[in-house]
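I would like the entire structure built from these sequences, with the hints used as guidance.
Those sequence lines, one after another, are chains R and Z. Going by our numbering, the residue at position 340 of the first sequence is 340; the numbering climbs one at a time, nothing skipped. Going by our numbering, the residue at position 275 of the second sequence is 275; the numbering climbs one at a time, nothing skipped.
Derived from the structure by calculation, the hints contain no laboratory data. Any given hint could be a false lead.
Which copy? The list can't say, so a pair holds if one copy fits it or any two copies do.
Heads up, simulated SDA-like pairs for lysine to any residue below, C-alpha to C-alpha not over 20 Å straight-line [said to hold, decoys possible]:
| id | residue 1 | residue 2 |
| --- | --- | --- |
| 1 | Lys12 | Lys123 |
| 2 | Lys33 | Pro145 |
| 3 | Lys97 | Pro76 |
| 4 | Lys97 | Pro108 |
Protein chains: 2
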Amino acid sequence: MRTTQFFLSTLKEAPSDAEIVSHRLMLRAGLIKRLAGGIYTWMPAGLRILRKVENIVREEMNRAGAIELLMPAVVPAELWQETGRWEKYGPELLRFKDRHQRDFVIGPTHEEVITDVVRKDVKSYRQLPIHLYQVQSKFRDEIRPRFGVMRGREFLMKDGYSFHTSFDDLQREYRNMHDTYSRIFTRLGLKFRAVAADTGSIGGTGSHEFHVLADSGEDAIAFSPDSDYAANVELAEALAPDTPRGAAGEAMQKVATPDRVRCEDVADFLKQPLTKTVKAIAVMHDDDFVLLLLRGDHNLNEIKVGKLPGLDPFRFATDAEVERFLGCKPGYIGPVGVDAAKVRVIADRTVAAMDNFVCGANTEGFHLTGVNWGRNLPEPSLVADIRNVVAGDPSPDGKGALELCRGIEVGHIFQLRTKYSAAMGCTFLDETGKEQVMEMGCYGIGVSRIVGAAIEQGHDARGIVFPAAIAPFEACIVPMGYAKSEAVKAAADKLYGELRAAGIDVVLDDRNERPGVMFADMELIGVPHRIVVGERGLAEGKLEYKGRTETEAQMIAAGDMLAFLKEKLCA
Amino acid sequence: MRTTQFFLSTLKEAPSDAEIVSHRLMLRAGLIKRLAGGIYTWMPAGLRILRKVENIVREEMNRAGAIELLMPAVVPAELWQETGRWEKYGPELLRFKDRHQRDFVIGPTHEEVITDVVRKDVKSYRQLPIHLYQVQSKFRDEIRPRFGVMRGREFLMKDGYSFHTSFDDLQREYRNMHDTYSRIFTRLGLKFRAVAADTGSIGGTGSHEFHVLADSGEDAIAFSPDSDYAANVELAEALAPDTPRGAAGEAMQKVATPDRVRCEDVADFLKQPLTKTVKAIAVMHDDDFVLLLLRGDHNLNEIKVGKLPGLDPFRFATDAEVERFLGCKPGYIGPVGVDAAKVRVIADRTVAAMDNFVCGANTEGFHLTGVNWGRNLPEPSLVADIRNVVAGDPSPDGKGALELCRGIEVGHIFQLRTKYSAAMGCTFLDETGKEQVMEMGCYGIGVSRIVGAAIEQGHDARGIVFPAAIAPFEACIVPMGYAKSEAVKAAADKLYGELRAAGIDVVLDDRNERPGVMFADMELIGVPHRIVVGERGLAEGKLEYKGRTETEAQMIAAGDMLAFLKEKLCA
Numbered sequence: 001m002r003t004t005q006f007f008l009s010t011l012k013e014a015p016s017d018a019e020i021v022s023h024r025l026m027l028r029a030g031l032i033k034r035l036a037g038g039i040y041t042w043m044p045a046g047l048r049i050l051r052k053v054e055n056i057v058r059e060e061m062n063r064a065g066a067i068e069l070l071m072p073a074v075v076p077a078e079l080w081q082e083t084g085r086w087e088k089y090g091p092e093l094l095r096f097k098d099r100h101q102r103d104f105v106i107g108p109t110h111e112e113v114i115t116d117v118v119r120k121d122v123k124s125y126r127q128l129p130i131h132l133y134q135v136q137s138k139f140r141d142e143i144r145p146r147f148g149v150m151r152g153r154e155f156l157m158k159d160g161y162s163f164h165t166s167f168d169d170l171q172r173e174y175r176n177m178h179d180t181y182s183r184i185f186t187r188l189g190l191k192f193r194a195v196a197a198d199t200g201s202i203g204g205t206g207s208h209e210f211h212v213l214a215d216s217g218e219d220a221i222a223f224s225p226d227s228d229y230a231a232n233v234e235l236a237e238a239l240a241p242d243t244p245r246g247a248a249g250e251a252m253q254k255v256a257t258p259d260r261v262r263c264e265d266v267a268d269f270l271k272q273p274l275t276k277t278v279k280a281i282a283v284m285h286d287d288d289f290v291l292l293l294l295r296g297d298h299n300l301n302e303i304k305v306g307k308l309p310g311l312d313p314f315r316f317a318t319d320a321e322v323e324r325f326l327g328c329k330p331g332y333i334g335p336v337g338v339d340a341a342k343v344r345v346i347a348d349r350t351v352a353a354m355d356n357f358v359c360g361a362n363t364e365g366f367h368l369t370g371v372n373w374g375r376n377l378p379e380p381s382l383v384a385d386i387r388n389v390v391a392g393d394p395s396p397d398g399k400g401a402l403e404l405c406r407g408i409e410v411g412h413i414f415q416l417r418t419k420y421s422a423a424m425g426c427t428f429l430d431e432t433g434k435e436q437v438m439e440m441g442c443y444g445i446g447v448s449r450i451v452g453a454a455i456e457q458g459h460d461a462r463g464i465v466f467p468a469a470i471a472p473f474e475a476c477i478v479p480m481g482y483a484k485s486e487a488v489k490a491a492a493d494k495l496y497g498e499l500r501a502a503g504i505d506v507v508l509d510d511r512n513e514r515p516g517v518m519f520a521d522m523e524l525i526g527v528p529h530r531i532v533v534g535e536r537g538l539a540e541g542k543l544e545y546k547g548r549t550e551t552e553a554q555m556i557a558a559g560d561m562l563a564f565l566k567e568k569l570c571a
Numbered sequence: 001m002r003t004t005q006f007f008l009s010t011l012k013e014a015p016s017d018a019e020i021v022s023h024r025l026m027l028r029a030g031l032i033k034r035l036a037g038g039i040y041t042w043m044p045a046g047l048r049i050l051r052k053v054e055n056i057v058r059e060e061m062n063r064a065g066a067i068e069l070l071m072p073a074v075v076p077a078e079l080w081q082e083t084g085r086w087e088k089y090g091p092e093l094l095r096f097k098d099r100h101q102r103d104f105v106i107g108p109t110h111e112e113v114i115t116d117v118v119r120k121d122v123k124s125y126r127q128l129p130i131h132l133y134q135v136q137s138k139f140r141d142e143i144r145p146r147f148g149v150m151r152g153r154e155f156l157m158k159d160g161y162s163f164h165t166s167f168d169d170l171q172r173e174y175r176n177m178h179d180t181y182s183r184i185f186t187r188l189g190l191k192f193r194a195v196a197a198d199t200g201s202i203g204g205t206g207s208h209e210f211h212v213l214a215d216s217g218e219d220a221i222a223f224s225p226d227s228d229y230a231a232n233v234e235l236a237e238a239l240a241p242d243t244p245r246g247a248a249g250e251a252m253q254k255v256a257t258p259d260r261v262r263c264e265d266v267a268d269f270l271k272q273p274l275t276k277t278v279k280a281i282a283v284m285h286d287d288d289f290v291l292l293l294l295r296g297d298h299n300l301n302e303i304k305v306g307k308l309p310g311l312d313p314f315r316f317a318t319d320a321e322v323e324r325f326l327g328c329k330p331g332y333i334g335p336v337g338v339d340a341a342k343v344r345v346i347a348d349r350t351v352a353a354m355d356n357f358v359c360g361a362n363t364e365g366f367h368l369t370g371v372n373w374g375r376n377l378p379e380p381s382l383v384a385d386i387r388n389v390v391a392g393d394p395s396p397d398g399k400g401a402l403e404l405c406r407g408i409e410v411g412h413i414f415q416l417r418t419k420y421s422a423a424m425g426c427t428f429l430d431e432t433g434k435e436q437v438m439e440m441g442c443y444g445i446g447v448s449r450i451v452g453a454a455i456e457q458g459h460d461a462r463g464i465v466f467p468a469a470i471a472p473f474e475a476c477i478v479p480m481g482y483a484k485s486e487a488v489k490a491a492a493d494k495l496y497g498e499l500r501a502a503g504i505d506v507v508l509d510d511r512n513e514r515p516g517v518m519f520a521d522m523e524l525i526g527v528p529h530r531i532v533v534g535e536r537g538l539a540e541g542k543l544e545y546k547g548r549t550e551t552e553a554q555m556i557a558a559g560d561m562l563a564f565l566k567e568k569l570c571a
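Here's what the structure looks like:
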């Protein structure tokens, strides 16, 4: 491709309403153009990237044995009514009536349609398993579309659906997809993590999210650098400390802590480490009052609390309730001396292993120090994991210590089981001729979202830093004086021909712009390898090479450039 | 691809509501599956075909210098309001309100969106010309979707739009697209014609349709086998006969033709050739009565009549009007003896060249024979082309005689000129710095429709006959006893590997079905080349080859099969 034959349209400034770096850079680089809120045209440079992502996804899905088809975007309401989603789905589902007043939706997901296809065509266990997928533009009427293609209303998805005779076989395909998705994101050149949506182990779980790692990610992820363990911070298990509770060395003392309510302030005031303090959080389940205990530097995990026996659902206690059950205002409450008949005490695993700790005295303006389980108060009625993990916590799989990072969800695999197949009568005859409901899995990838996520992960002050696999071009040739110097033109054309013949996706910038403009544009759109053809170098038989993230250029003999570049692209 | 790894799902019977052969065969072959009226899932075998068509279209568009982008399907109403199409477009335009009650359409065509893109990004003549295109699923709410993918509601289109500094440059690109479309349909392996939407010459016309020729086509096309002339029958010009009017040999006679009203009956009764008869058709323009004269075997062309001076618009005269102006009931009316002050006589070019003809006598039950212009009636007030062409008419370009055929419109190229660019302020600065409105062209191809049209053109009693370029597979290997014979399995696998390595798109039917079932399926889905691997042949080192349209199979030495097949595929 030559730049003059291409519709490259970069901007000096991004529109001010672009909130995140990928959105700003995609607009500035001319990859997308806004048509309406959350609705974008993929300009030629952007579409090249989108197609590269799409092709890698397609190749790996095919390699994994999935079969591509193409379902309609427009879906009759009857199918959605069969599964009850017509009523349940919110206003992000675009519904409309056709000219005959029949109800339709623009399908943001296609479980109903594929289940309808399969129930009509698959009758026997001999036709199973089958995995069908499509790559399709979808529409979801987000209430507040933002972040460019990261949360757009019209977007490109790969959605796949598998059908099985047994849960075992569904799990086999689930692992196959887990591996396939890992291959896809590896090939895309992205740093990513497969994140368990619940316990964090592949085995028993029903759902994994695939996240591209980026500081701007919406989701906080805990992972072990020593294993493939990764989980959403809110779902990662916080293990009990492996060091046992120490001896009750200090005597318990009631100390004045005037106006010190937060653990940080109490620790400062008492010159104790924060890790010696315990905070008490009062919650209610119906009329039951429960005191949750956390170490001062830890945060409550409401999801975990909500799963505890007798706490589903729970709410935070009002100040009046705290005073009624503990006789003290919030800020100075604690587990010592409470009426076990009225107050249930649940300790986080870490708190249960603490000794000689500090906690509220249930007297306004006072805390207790040197508190010990068994001696100053009974053992907690329940010890449980009720906090968010923090960096340095042991990994739940026993391998290494957790680190935290942020991620952007770009893929999701899910064991649907029989949710849709049972509702829609998608059955097969097994070996004995008995009718059985199929087990189903579904597997999504946000193709357009990946482009945004890749930019969130890869950018610098000069623009986008794309992995070569999805860059709009793998390499660019920037001639110094293409229109003026016969030698430069000849050398640039020759190299361009050679690289193309070698299958390298190269762009020749033949615009006769100033070098600075061409350099800036090629850096902005994220071309990973740049070759400058100039008279000075040519006089010595050399071309200048510079990698997108390198600070220094280097001179390479013209005859060696192809081999040099090939090595770079294979690296 | 192996059949067992593929979701092949053929049917014995097509649903009875499938009206045309392509629709029936696509359903029977499992290429598509109906979801709702005019809305289909493209099953894996069908999608392979669709993608092959799409890829050929894309390759040739790129080769022609057009640049691909991807516009949103969902388009804000404001853009359609700018051009007035929001009001003008009928109920086939899907309109909806988003959750914030803003109006949108699902764009069935994208002139507004692309003009918006270009007006924002292109400011100077230096950026022109530019041709941008996309391949996209579109929705048009047809009142009566039918014929499967031929007139579906959701369909795949290639739509391209070009922008120019001058009408000359638009015409250059228009010719480029005319050539490109011709290359596309040639590569697709289809018999087609580019049909002028008006005069039939490429030069001055603003629009051409590309038709795949098929007996079932909705459009009648006149073409010259000796040139590239082709036009819709209704638009093809009927030239004046090149033989001049003969001498007035016979005397005019008034003859009784009781109950003979139609020219055919009159000619029979009078034992005259039909080509000696003239029929008169009475029409009105406001209060003007006009008598149109056609040779008995010709048909009136209302489009041509409507373009005549003083006949826009016209309507057919009532029986009362005919009696008032001619004093005779319809069926026996004619041009002889009419009052020139009240009745305007317009003769078709052919009629004007007739002599000694038969026409109505303006007396019930009587016709005139031996009628001659100038002798029995004045020369017509106007001689014009007012009929449809018929087979054998001279081609308007002077090259050969016209033939008639039927076609399915699968492409359309159109000189939009400034219709959209003027309405939307899509301008550029010319060399002198003056603001000018861009000239526009648009170019559509019905990608999904092509699949149906190809089947209308290519089918037989056993199913679809696809050109190799768009067949779901180029070749199939059908083993006789894949599971039973080691030798057959080994030979089939070896051949499969060889053909794949040679880049041939081959399917190995490893289903262990009866040979008849496998043969029938492969013929039904239109695979053009079949290789049978059987023990008998292998004993002699041979494989059986049969082309889809051939009646006899032939034995080929196993070692020669690849070369043999390659030659077939290049043919």
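Next on the checklist: Reference check for the pair Lys97 and Pro76, CA-CA at most 20 Å: within, between, both, or neither?
Outcome noted: both (10 Å within a copy, 18 Å between copies)
Checklist entry - When no copy is named, should Lys97 and Pro108 be tagged within, between, both, or neither for a Cα gap of at most 20 Å? => result both (17 Å within a copy, 17 Å between copies)
Item to check | Intra- versus inter-copy proximity for Pro145 and Lys33 (alpha-carbon distance at most 20 Å) | outcome: Only inside one copy: Lys33 and Pro145 sit 15 Å apart there, 34 Å across copies, limit 20 Å.
Checklist entry - Under a CA distance limit of 20 Å, which applies to Lys12 and Lys123: within one copy, between copies, both, or neither? => result Result: close only across copies, 16 Å inter versus 59 Å intra.
Taken one by one, the earlier hints all hold for this structure without exception.
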